[in-house]
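**Student:** Same order as they appear, the protein sequences are chains A and B. Counting from 1, one number per residue, gives the positions in the first sequence under the numbering used here. Counting from 1, one number per residue, gives the positions in the second sequence under the numbering used here.
Everything labelled a hint here was simulated from the structure, so no lab data went into it. Just so it is clear, the structure is predicted and the values come from calculations on it, not from any experiment. For each residue, glycine too, the CB sits at the ideal point set by N, CA and C. Accuracy of the hints is not assured; some may be wrong.
Simulated restraints on C-beta separations [to be verified]:
#1 A:LEU119 x B:LYS146: 44 to 52 Å
#2 B:LYS233 x A:GLU83: 54 to 62 Å
#3 B:PRO160 x A:LYS358: 33 to 41 Å
#4 B:LEU130 x A:PRO94: 52 to 60 Å
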Amino acid sequence: MKIEGQVRIPSGCAISAVISKDGNKMSGETITNSMKPMHDRSNGLGGGFAGYGIYPEYKDFYAFHMFFDSRDTRKKCEAFLKERFEIVQSEIIPTRKIPAITDEPIIWRYFVAPLNSVLVSLQSEEKEFVAKTIIKINAEMSGAYVFSSGKNMGAFKAVGFPEDVGIFYKLEDYEGYTWTAHGRYPTNTPGWWGGAHPFTLLDYSVVHNGEISSYDANRRFIEMFGYKCTLQTDTEVITYIMDYLLRVQGLTLNESASVIAAPFWSTIAAKTDLDDQKKHTYLRTIFPSLLITGPFSIIFAFDGGLMALNDRLKLRSMVVGEKNDKVYIASEEAAIRTMEPNAENIWSPAGGEPVIVKVKEGAF
Amino acid sequence: MSIEFIYPEFEVIRNENKCISCRICEQQCANEAHSYDEKHKIMMCDDSKCVNCQRCVSFCPKRALKIVKSDCTLRENANWSNETIKEIYKQANSGGVLLSSMGNPKPFPVYWDKILINASQVTNPSIDPLREPMETRVYLGKKPSKVQRTKDGALDCKLPPQLELSMPVMFSAMSYGSISYNAHKSLALAATELGILYNTGEGGLHEDFYCYGENTVVQVASGRFGVHADYLKAGAAIEIKIGQGAKPGIGGHLPGAKIVGDISRTRMIPEGSDAISPAPHHDIYSIEDLRQLVFSLKEATEYKKPVIVKVAAVHNIAAIASGIARSGADIIAIDGFRGGTGAAPTRIRDHVGIPIELALAAVDQRLRNEGIRNHVSLVVGGSIRSAADVVKAIALGADACYVATAALLALGCHLCRTCQSGKCNWGIATQRPELVKRLNPAMGSERLINLMTAWKHEIKEFMGGMGINSIEALRGNRLMLRGIGLTEKELEILHISHAGE
Chain A
1 MKIEGQVRIP SGCAISAVIS KDGNKMSGET ITNSMKPMHD RSNGLGGGFA GYGIYPEYKD
61 FYAFHMFFDS RDTRKKCEAF LKERFEIVQS EIIPTRKIPA ITDEPIIWRY FVAPLNSVLV
121 SLQSEEKEFV AKTIIKINAE MSGAYVFSSG KNMGAFKAVG FPEDVGIFYK LEDYEGYTWT
181 AHGRYPTNTP GWWGGAHPFT LLDYSVVHNG EISSYDANRR FIEMFGYKCT LQTDTEVITY
241 IMDYLLRVQG LTLNESASVI AAPFWSTIAA KTDLDDQKKH TYLRTIFPSL LITGPFSIIF
301 AFDGGLMALN DRLKLRSMVV GEKNDKVYIA SEEAAIRTME PNAENIWSPA GGEPVIVKVK
361 EGAF
Chain B
1 MSIEFIYPEF EVIRNENKCI SCRICEQQCA NEAHSYDEKH KIMMCDDSKC VNCQRCVSFC
61 PKRALKIVKS DCTLRENANW SNETIKEIYK QANSGGVLLS SMGNPKPFPV YWDKILINAS
121 QVTNPSIDPL REPMETRVYL GKKPSKVQRT KDGALDCKLP PQLELSMPVM FSAMSYGSIS
181 YNAHKSLALA ATELGILYNT GEGGLHEDFY CYGENTVVQV ASGRFGVHAD YLKAGAAIEI
241 KIGQGAKPGI GGHLPGAKIV GDISRTRMIP EGSDAISPAP HHDIYSIEDL RQLVFSLKEA
301 TEYKKPVIVK VAAVHNIAAI ASGIARSGAD IIAIDGFRGG TGAAPTRIRD HVGIPIELAL
361 AAVDQRLRNE GIRNHVSLVV GGSIRSAADV VKAIALGADA CYVATAALLA LGCHLCRTCQ
421 SGKCNWGIAT QRPELVKRLN PAMGSERLIN LMTAWKHEIK EFMGGMGINS IEALRGNRLM
481 LRGIGLTEKE LEILHISHAG E
């Protein structure tokens, strides 16, 4: 059977997230438990998490989480990395042997900083260089896969039910101010660990529930700018689109949401704020190929915050709740109640309406 | 008869029991195929004059007429077809180049008919266009590659000139001269009502039609007929016509007999003089010359109008398009080898150029490989016959389609392919006043509006089925297409998978 990247596999899903606006740390146990009531939204073929603020001792270094199919591949990849990065720490990611998770690859992490001499000789901006290197490894180095690459954050994913994946990775040992989670229901997959979610690039991570109908239009456009969609998944292309809009084009989160879940032309025409109307007309005209259609609910997390967004018709469930300094987002209210039984202000964001939550300046 | 005799291609069959000798057929036929025998009080016909335009059939009040293909054939020969032999007789008689009209009728593969469209089932929902918004609006023009901000950090919303279309279809170039005043008026009225554009072709713009300028593409072709400052400023966009699909590499020739009255004035050439469009533009012998013409036209119109460069689909089209994209053009129009024409040398029409489907696939991919696809919009024509063709073209990567033959059919054309005679019984490809007035612009435009409205409905149904609610998300979305009965090579060029994959 073909794995992600050789074939496009549609899937349904469950997503969940929690963030502390005050930057208070939470162990990964809470988010793991939140996936239990949504068990039926996954089918055991993929689960994963992303935590932010989890590596304070290495916060100035890019944390590369990697899968390798063999020791040889790891050695080859390490040689490749050493030519480009200073590796300050390299270690096995601790896991727990449990019957529910089997056939694991070699799972390793590296804390790295790009060599200045390399940056100078390539005339490359640091983040651009790191992003391109990751895309290169994932596209060209068979058997090696970078599944997380941001600073002071990390993704953890596997083939299995998400609540088991959390136990497998010992997430209770990590403390983060933001956690996101994903349970996967692919319609057809042999189960490849790289194909699980979240999908990440630098400090951006995306968990997504849906199957976008604009996929190939989005993919063929974004690939013009150096991205390679090796997995053929929605989450991957959405991550690249967000990276392109935020980092390369310098748009704000709200502006990016207006590109990917653009208001209908009729909605734009009805706007009474003429500047706002002009802005939306401009964004739709300049980035028509980055409009995402079809059902999606995504939680896009980044250094210091997250954004939740539904497709403009709201074809997927997604609810938001609050309690004190925390904001909870999930496919189902049950997941929120698991994390915080007394959650307040539970509401369903409208299609195309971004929910942006940022941690207070300096608190993370 | 003689050695020159060629048995007529069609026979007019008149049912004598039904015919009431009302002589309507006689009045309707500009080719004078029908006549009335006063002495015997019966209708007569000369089959040799019939072009099978179906005018008499359509207007016979008793349905007493039909036109059939003649069964008088030469001895069958798989190598020497009847048509080939007759063409040799014609050339032996005349010593001339064979002329034809409309698009290539030969049985080359029609790739549109070998491509199938996707629909949603279970994993994502289809969308009902009757209940949910379904957007078909497109903007054609150069998209800036970097977002700009003003000093205070707000988005700087200035854009290069864009054409707004309510649906991804435009009426493509047909000159005033090759088609009639009323045909032009029908197209202009319909384009205005539909929120799309029509195209003047290379014959200039009649002064009566300047009022439809916002929905007009004004063309600048190698003959530069009717081109002046006000003309350039009148349209919403300017199109430089390098070539057309029906006759790539070939110029045009409107006989002096048709250069009369308003046509002479509109083309700005003396009455009775032949209007000859040279094969190349004599100020464009290379790509850098094209850049100069693009910018001359932009200068003349203060950079307010997008410039379209129209080329025929030829072998090296991907590289040519890449060159055009870098020439400053805002839009590239590509015309496939099935594109129609008022007159073309038969051999050229039938043997030069490539199918638009392959040209489009190659160009779109090439521009993406070079990272410049968003620098230009792509418009394709050369036999877009239905809403399904439009959907497939958009999914292959086009921003919009040009249609002309379909529009003429809506106006009454029966595709008899004898436009070059100038005796169009449907009032389209003619300048004879008594024929022109047969086409009522109000009715003509209504039929065009009906056709495009029907297509729009169908496009929305296709989109809804795929779970796509904006045409932007369909553009270049080749995953929505599958080939059927295509070779590996064809699939590779089209960059689509085979059905079942």
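**Student:** Decide, hint by hint, whether the structure agrees.
**Tutor:** Taking the hints in turn, this is what the structure says about them:
1. About 22 Å separates the C-beta atoms of A:LEU119 and B:LYS146, a value inconsistent with the hinted range of 44 to 52 Å.
2. Between B:LYS233 and A:GLU83, the C-beta spacing of about 59 Å keeps the proposed range 54 to 62 Å intact.
3. In this structure the hint that B:PRO160 and A:LYS358 lie 33 to 41 Å apart at CB holds, the actual value being about 35 Å.
4. Restraint check, B:LEU130 to A:PRO94: a C-beta distance of roughly 56 Å satisfies the suggested window 52 to 60 Å.
Hint 1 alone, counting from the list given before, is not met by this structure.
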